[in-house]
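Top to bottom, those sequences are chains F and W. Just so it is clear: in the first sequence, position 282 is 282 by the working numbering, and no numbers are missing. Just so it is clear: in the second sequence, position 20 is 20 by the working numbering, and no numbers are missing.
Derived by calculation from the structure, the hints in this document are not laboratory data. Treat the hints with care, since some could be wrong.
Unchecked claim - To be clear about the criterion: a stretch of chain F counts as covered by chain W if any three or more of its residues have a C-beta under 8 Å from a C-beta of chain W, and this derived list gives those stretches:
{"hint": "1", "segment": "358–364"}
{"hint": "2", "segment": "368–377"}
{"hint": "3", "segment": "382–388"}
Claimed, not checked - Heads up, incomplete: computed chain F residues facing chain W, CB under 10 Å, no partners named:
{"hint": "4", "residue": "Ile64"}
{"hint": "5", "residue": "Gly66"}
{"hint": "6", "residue": "Leu70"}
{"hint": "7", "residue": "His353"}
{"hint": "8", "residue": "Glu418"}
{"hint": "9", "residue": "Ala428"}
Remember, it's a predicted structure, so these values are computed and weren't measured experimentally. Idealized CB from N, CA, C, for every residue including glycine.
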Amino acid sequence: MSLLEVQDLAVSFVTRNGTNTAVDGISFGVELGKITAIIGESGSGKSVACYSLLGLVPMPPGRIDGGRALFEGRDLLQLGESELRKIRGRDIAMIFQDPMTCLNPYMTIGKQLMEPLLYHHKVTGEVARARALELLEEVGIRDPESTIDNFPHQFSGGMRQRVMIAMALINEPKLLIADEPTTALDVTIQAQILKLIAELQHKRDIGVIFISHDLAVVADIADQIVVMKQGKIVETGNREGIFHNAQHPYTKKLLAAIPTDSKQARPGTVEPLIRVQNLCTWFEQGKGKEPVKAVNNVSFDINRGEVLGLVGESGSGKSTIGRSILRLVHVTSGQVMFDGTDVTALHGGELKHMRRRMQMIFQDPFASLNPRMTVYDTLAEPLLLHGIEDRKSVAQGVLKLMDDVGLARAFVRKYPHEFSGGQRQRIAIGRALATRPEFIVADEPVSALDVTIQAQILDLMQQLGREYGLTMLFVSHDLAVVRHLADRILVLYKGEVVEQGTGTELFESPQQAYTQRLLQSIPGRSLHA
Amino acid sequence: MTTQTISDIAQAEQGTSLWKDAWLRLRKNHLAVFGLVLLVLFVIIAVLTPWIAPYSYQAQNLELGASPPSAAHWLGTDIFGRDLMTQIMYGGRISLAVGFVATAVALLIGVTWGAVAGYVGGRADAVMMRLVDILYALPFMIFIVLLTVVFGRNMLLLFLAIGAVEWLTMARIMRGQVQSLRQQEFVEAAISLGLSPATLIRRHLVPNALGPIIVYTTLTIPNVMLLEAFLSFLGLGIQPPQTSWGLLISYGAETMEEFPWLLIFPGVALTLTLFSLNFLGDGLRDALDVRGAKD
Chain F
1 MSLLEVQDLA
11 VSFVTRNGTN
21 TAVDGISFGV
31 ELGKITAIIG
41 ESGSGKSVAC
51 YSLLGLVPMP
61 PGRIDGGRAL
71 FEGRDLLQLG
81 ESELRKIRGR
91 DIAMIFQDPM
101 TCLNPYMTIG
111 KQLMEPLLYH
121 HKVTGEVARA
131 RALELLEEVG
141 IRDPESTIDN
151 FPHQFSGGMR
161 QRVMIAMALI
171 NEPKLLIADE
181 PTTALDVTIQ
191 AQILKLIAEL
201 QHKRDIGVIF
211 ISHDLAVVAD
221 IADQIVVMKQ
231 GKIVETGNRE
241 GIFHNAQHPY
251 TKKLLAAIPT
261 DSKQARPGTV
271 EPLIRVQNLC
281 TWFEQGKGKE
291 PVKAVNNVSF
301 DINRGEVLGL
311 VGESGSGKST
321 IGRSILRLVH
331 VTSGQVMFDG
341 TDVTALHGGE
351 LKHMRRRMQM
361 IFQDPFASLN
371 PRMTVYDTLA
381 EPLLLHGIED
391 RKSVAQGVLK
401 LMDDVGLARA
411 FVRKYPHEFS
421 GGQRQRIAIG
431 RALATRPEFI
441 VADEPVSALD
451 VTIQAQILDL
461 MQQLGREYGL
471 TMLFVSHDLA
481 VVRHLADRIL
491 VLYKGEVVEQ
501 GTGTELFESP
511 QQAYTQRLLQ
521 SIPGRSLHA
Chain W
1 MTTQTISDIA
11 QAEQGTSLWK
21 DAWLRLRKNH
31 LAVFGLVLLV
41 LFVIIAVLTP
51 WIAPYSYQAQ
61 NLELGASPPS
71 AAHWLGTDIF
81 GRDLMTQIMY
91 GGRISLAVGF
101 VATAVALLIG
111 VTWGAVAGYV
121 GGRADAVMMR
131 LVDILYALPF
141 MIFIVLLTVV
151 FGRNMLLLFL
161 AIGAVEWLTM
171 ARIMRGQVQS
181 LRQQEFVEAA
191 ISLGLSPATL
201 IRRHLVPNAL
211 GPIIVYTTLT
221 IPNVMLLEAF
231 LSFLGLGIQP
241 PQTSWGLLIS
251 YGAETMEEFP
261 WLLIFPGVAL
271 TLTLFSLNFL
281 GDGLRDALDV
291 RGAKD
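Model the full structure from these sequences, guided by the hints.
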């Protein structure tokens, strides 16, 4: 018998503008000792479905329209708040995406860990503390005795997620719901957390629901996969079935969106457009403290027309390199030669002129657009500033840009909040292209987007790169994406270059231990092995 | 060029400014429009007062004394037999002028100062904000007394003095707003486009910081009007025979028990103005927040 049996669950949200159906009659089961992955894009209803089981969907505006959710024979949807509270955290526990916002910053992790134990089981403080230590050990926190009384900010992102997992497991739940638990983490940390979840699940023989937008992430751990789109389940199957014999076109689209190929190295001229020499960007920490050496003595060339990939974990300095080239941060020492001119020495009008030739595409399309400017204003600004169009022709220039990046012309008067993430990134790309730059720094341009949208934006960037003859520095933590797009790849670790080469070279014969570790962390490797 | 393209261009060209959009949204907010209409009405009356006031400003009828509202004097007369409606109209000229001018001064200095300090940061920010702290610490009364001693008593000085005190809070609010906005990627994007700092502040930072500024402005105007009354009451501001709403109210309060209308009518005038300002301020804040757009 299944641990959890969801039947015809339907949830909708009643707003002023009408009723939105978020979950539209879905059925799935979770078994003890198995991991069920629910895959879907943002807005597909995957999280709402699981939250509604625990009564965590705010009502109103939320409303459960029907269905049953049998957990050990009891219908969760019929239980009152006080009964649900007993189940939440004891029989069913949750892990969330962002471990920082889910931990109370003013409480030591030990106290937070012991809380559910003290609440549900009424044990003594000593017993609870012993249990907490045991669990921290189990989730791989080094030296729990000395760290249990630390506060959340003293842990790294990966360690915080481990603490969250320990907290979820402390009451020995039978079902664990993990909502995108690795999305906010680096690739190498993600691989560790995935491994940990799979191990714990196996050891404790519990059921797990793993919610994710990324098929590749669950490729190595899921037993059952449920693919959702617009509130409906489009396909259910075991791992083999989904990955090797997908039936529904949407599942196939999701699979196709996982970039797997290496870009063919581009033959042609080797004429460096950009030469970075001994670049150091250090951030002062105040008197008497060592500066943070975000970028330390880095040298590389980017050839004209080339896409150079820059990979590394967070804190490796990869974004800082891009920002240093564009003079968005203060360079401590070293040179950035752009077409023969040292960018780090420019001022005033010369700098403004140079800025026209190099642009940036940012990671978060929600923060990189001025919320009070329409698409028209955003795109017209660079055109007018650099005299590319005059007052009369600017509207035409804006529409041309919108056509180029694939935005419908009817959207010209809309504000950023009226667009989806992918559309916003298109606006941001349009803004970057408006000045007709020769060089673009793309700082994780797709990591905030859904997988299928990622593929679209990457295609767009490749196509525009060719049309506009762009040279590009593509910064990303996602090796698969970089491999797909870049001619050459630079691997960065703690502010220094550890290895460089073409995609094929790096993927097939990585020389450095760090590169090897990075490659092994790519989710979904088993698919292509 | 096809007709389709031409109509697209026409559509793209017409009205894409934040202010135009805000005005369209404001028009749909009935309370805000009501507030705006009332304020405009008050301003028109204030401007036209010398021509439309029922009595001359100096006219007094000592035999009549304080009389309740009647056909000859709609809002009654004060203890010197002066027509209260005339007094309120003339008082409104001063109160509205002080309110609007001093607030405009505060707004201009405060927003610029705060935006520059927040944007430039570092040492400049430290110096600029310490200056604000020092001015904060200076007792307001001493400041005004000093000014009047040095420059003599005049209206313009009063405006400036009040404005010079009120801008401090404005600058602090603005600086905080700009500091948090400055971290956002769209500001970096604007820098990498090559925008000059002045343009960047004007086009990208100020519009995004307007919400709290507008709310604080609508709170400042009535504040300033009451401040003027307080100064006048101490003999540092407006002197009789000139008058203002604040003065009328404070005199009215003294004789509240015998002649309540002397307090009630100026009070109503001030209250209506404050209500209108609040409605308009709320409406403006919503109208300028593009995310709150319901259409």
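Open item on the list: If you test the structure against every hint from before, which numbers come out violated?
Closed with: Numbers 4, 5, 6, in rising order.
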